[in-house]
Each structure stands twice: as structure tokens, then as C-alpha cells.
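Engineer: With the hints as extra help, turn the sequences into a complete structure.
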Amino acid sequence: MSLGPKLGALWRLGVAEATAYRASLLVWVLTTALPLVSLVLWHALAADGPIADYDQRAFDSYFVAAFLVRQLTATWIVWDLDRQIRTGELNALLMRPVSPVLHHAMFNLAAMPLRAGLAAPVAALVLIATGGMSLADSASSWLLFVPALILAWLLAFSIQLCIACLAFWLTRASDLYDLWISAYIVLAGYLVPTSLFPSGFGEVARALPFHATLGFPVELLIGRLDTAEALTGIGIQLAWLALFMTLGAWLWRRGLRAYGAFGA
Amino acid sequence: MSAPEPAIVLDGLSKRFRVNQRDPGLRSAIAALFRREYVEVDAVRELSFCIDAGERVGFLGPNGAGKTTTLKMLAGLLHPTGGRAQVLGHVPARREPEFLRRVALVMGQKRQLSWDLPALDTFELNRVVYEVERGTYDARLAEMRELLDIDAVVRKPVRTLSLGERMKCELVAALLHGPEVLFLDEPTIGMDVAMQLAMREFVREYNRRHGATIVLTSHYMEDVAALCDRILVIDEGRLRFDGSIDALVRRIRPLRRVSVRAAVSEALDVLDALGERVEAQVGSVAYDVHPDRVPEAVAALLALPGARDLRVRDAPLEEVMRELFSRNERLGLDEEEGG
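Chains as they are written, first to last, in my numbering: chain A, 971 to 1234; chain B, 10 to 348.
Calculated from the structure, these hints are not laboratory results.
Glycine residues also receive a C-beta, built at the ideal position from the N, C-alpha and C atoms.
Treat the hints loosely; a few may be bogus.
Claimed, not checked - A few chain B residues that face chain A, going by a derived Cβ cut-off under 7 Å, partial list only:
no., residue
1, L86
2, H88
3, P106
4, L109
5, R110
6, K119
7, D125
8, L126
9, D130
10, L134
11, V137
12, V138
13, V141
14, T145
What the hints assert, rightly or not - Some chain B residues well away from chain A (every beta-carbon gap over 12 Å; in silico):
no., residue
15, G98
16, R104
17, L114
18, R239
19, A295
Structural biologist: Okay, here's the thing in C-alpha cells:
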């Protein structure tokens, strides 16, 4: 049998779980609303005039887009897999003839429509309050935004998978993810667009995986990148994705060999 | 005609864990930040045995004996550090889909059912991922719903079920794909007696109808005694006994217990010479005697005034198991032996 029906079955169960956890999902949406706080801050700071090439409307657009992209690239395999490895819950998934990694991927993706549905009213309220946002007006930007968003999610998932796999050797790998998140908040363009970073520092930040998972698709969505820049961004995403997927696959294989299948 | 290939083959199977340890207290906690101390634990040491298709086999042994580790290696969850395991012709640790579709593992303390969803949702997922035809699935589910009497609970969120109800649903989830080998790890833990009986009955019925191989670990001796024709005693990672439960009982407690109801009011010197008195109260008496002396004991007990209800039996299973599970006593099972 092909993989399609199995992914479909995982998706359906994932949707059912997401529905059962809708209240938690709403809380998670709100805890990732930091860009909206930044929006208020930068909107006020730009009241007297643009900051670099960002005026108030550009900040509004950027941070509403950042909030939405953050929701659409959400994944939580690092916490689930870390717990499952530590407690032995992973045993049940390992006994099924479908990869536990695919299981997590489909469960995370299955929650996306509901998560987007919960995030949309929040974004709409902000847009009403700020008077709207500017989006990309070229067809090529929109065409490239779709793969950029997909790659951003895959990259976020692969990075979390790599960190979660460390739980095969460490007691609580998800704590390491907090370190990653600390860097992400600064370097991904979550609090400040990376294009406002000082020269030199900005170029480095824009080449890192943090920016590839958030800042890049956001800038593409609000029309701040030309086609050449967009293609470069996708190239950077692909390079990081190849690295983290390879590393994740290696850690997963090695980890299973070290797995203690703890608990009775 | 050559003999059929055994369903399960272990050849020198071993598992060594590297476990970090430290003394209690703040000082050692801080010291462990800089220098971790590890010990190597041989959980399973060179186990070798075969299990034929359709056999019902129980692993017995004290806590930490290596039973569950062995089971997990056979199920493909743990990679052995030495030796070889083969289940239905597959190397379990490779976890090939074809292997996973032919086996199942039920763990009394772990669940595969989604906690906040009805069990039916997980059943449906398993139908698809195990590639079970819709008709076969419907027939199996109907059969198990009837046998386990779970019609009323499969539509409720799993978190709202009692332990027994949940374990019944766990069994269904594990068996819907019709596994040829079923690994059961403490499947009745925490259950009341009625539920334990129902589970045992169901597993035996599954074995009878489908010819599946059953490998069980349990702390409840009754589970093993009721379900398994063959016992493997594992202690300190080694195989100490392989045979029937009767043979195990006679090896550990070779004496037979002879008891009778009788009007007994004084010391029974004649009988005391035959064996060890284990019970003597007004109205009944019991002796543990060597099998060769059972006829003499029977004759002597029947000669007591008012003798009736004479019984000759093995030592009670719980006594045998207490002895077996006690680390302080030699098990008297120095070598693996058939029974």
C-alpha cells in the first residue's frame, strides 16, 4: 500500500486530537503572539517618521505577517518526542508500521487549519485596529511564498527533530530547545526585522536558519523581496533543510540503537 | 519432511545497559554535573531458546531479572548488544514493516490509544496503517467487541474508561491486524480478579482461534499458570529453567502435599517420620512428603479416625513463586533444564 492512505489516517486522527485540545491550541496561539507586542512598540516608535525603510504601515504589515507565519510554521515535536523517549511512550509508536517521525509530522500539520482558524480572528482584530496591511503585489512573490512557507515549516520541524533526538542520550533535550528559541527570538526577525540590524550583523543573521524559518517568508509575503532575493532565500532554506534533515535522520537512527525503551 | 521453522529463535542474545549513578545529596548532585559515573548492567546474558508457532510461553522471574528487556528485544524496541534474535524470520531490531505487521506488543503500563479520543479512532488508524481490509477489520472488530464486551465503551474518550476497560481496548487495538506473535508485558497489572480472568480467557481464545504465538511476562502467577503451557524462568539475565509449570513446581518444591480431614487430637509420630508437617489443627492435617513415600503417607493418613477428603497435590503455586522470586534463596535451578 502506498504511503498516502496512511498519512491520511494520521491526519484524520491528528485533526480529531487538535479538536479535542482546541482550548490548549488557543493558548499556544496566544503565547506565540509576541510579534503583535512588537507591532505596538515599533508602530509607536515610527510615529515621528520611518525607521530605515519601515514606516508605521510597514511595521504593521511585517508583524501581522510574522504572527501568521509563526502560526503556520508551528511544530511541537521537540516536546512530544522528548517526553516519549524519556518515558518510553515511544514504544507504542515504534510498534506501528509507520515512522513515528511521520506520525508527529502529520499530527502537527493536522492541527494547522484549526490553529490558523484560531489565529485569524486575532490577526483580523489587529488589522482593524491598525488600518490594514500591505501584501506582495507580484504573482511571482505569491508563487514563491508557498514553497518558502512549506520549507520554513519543514526546517522548523527538522530542527526540533534533531534536538528531540538528543533525548536518546540526555535527560531533557527539550530544555536545549529553549536555548534555540532564545536565539530565534532575536535572529529570526521575531522582535525586529533583520533588515534593521546593523550592517554586517544583518547579513549574517539573514543567512542563518532562524531567519529562514520566519523572517524570509514574512518579507516575501509583504512584498519586500524581488525575485532574485526570493530565490536566494529559498536556496538558503534548502541548504539548511538538507543539513538538518540529514542530521535528524542520522540522530534518529543512532538514537534508536541507544534507546532504552524505559518503563515497563 | 523437515520440521517447521520456530516462530522465535534466540541465540546468545544479550543486552548491556550503561546507566549513570550517583549517591544521594546535593554534593554528589553537583559533582555529577562535572563527572558522571556510569555502571554497566548486564540485563540479559546470552539467552538461547526457540519458541514454536502457536506456543503460549510465559517469562517468569523476579523484578529486574531481564524478562521485559528480552521481550522488548524480541519486539524490536531494543537493539541487542550481543547474540541474535529472529522472530518470524525477521531480525526484530530492523523493524521492517512486514515484521511489524505480523507482531503486536501489549504493555500493561503503556498505552497506544489516544488519551482524549474514543478508542474507535485509534482502531481506525491501525486499520489503515496495518493495511487491514475493511471487511476483515469489521469482522475482527465485531468478534472482539463481543468477546470482550466493550460495545458500550469504544465511543467514549479513553481517559474516561476504567483501567480494565482501557486494557480491553488496548488489546483490541493490538490485535486488529491479526498478529501471528503477540507479546504481552504485564497485561493484567492493576486489574481486579474478574478482569484478569476475562483477559486471560480472551488471550487463550485468540491463541486457539488464530494459532498465534503468545509470549507473556507477568507478576501474577495465575496469569502464567492459566495461560502458558511452557515457562521460561529468567534470573539475572540468564535462562534458569525451560519447561512446564508442573515440572517447575516439582523442581523447586519436589515434595508432594498430602492432606486429610480427620479427628486428630494428638501428636502423629508415625506420620512425622514420613515428612514435614505443614498443617495440624483440629479436624485436618497436611504433610509435605517425598514422592516415593506418598503411598505410605496416604495409608497412614487414611488410617486416622474419621479420615475423609484425602488430597495429594503439588505445593501451592504461590509458595513456589515466593521461593522462586526470592533473591536470598538459591533457586535450585542451576542449569537450564527441560521439564
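Engineer: If you test the structure against every hint from before, which numbers come out violated?
Structural biologist: 13, 14, 16, 17
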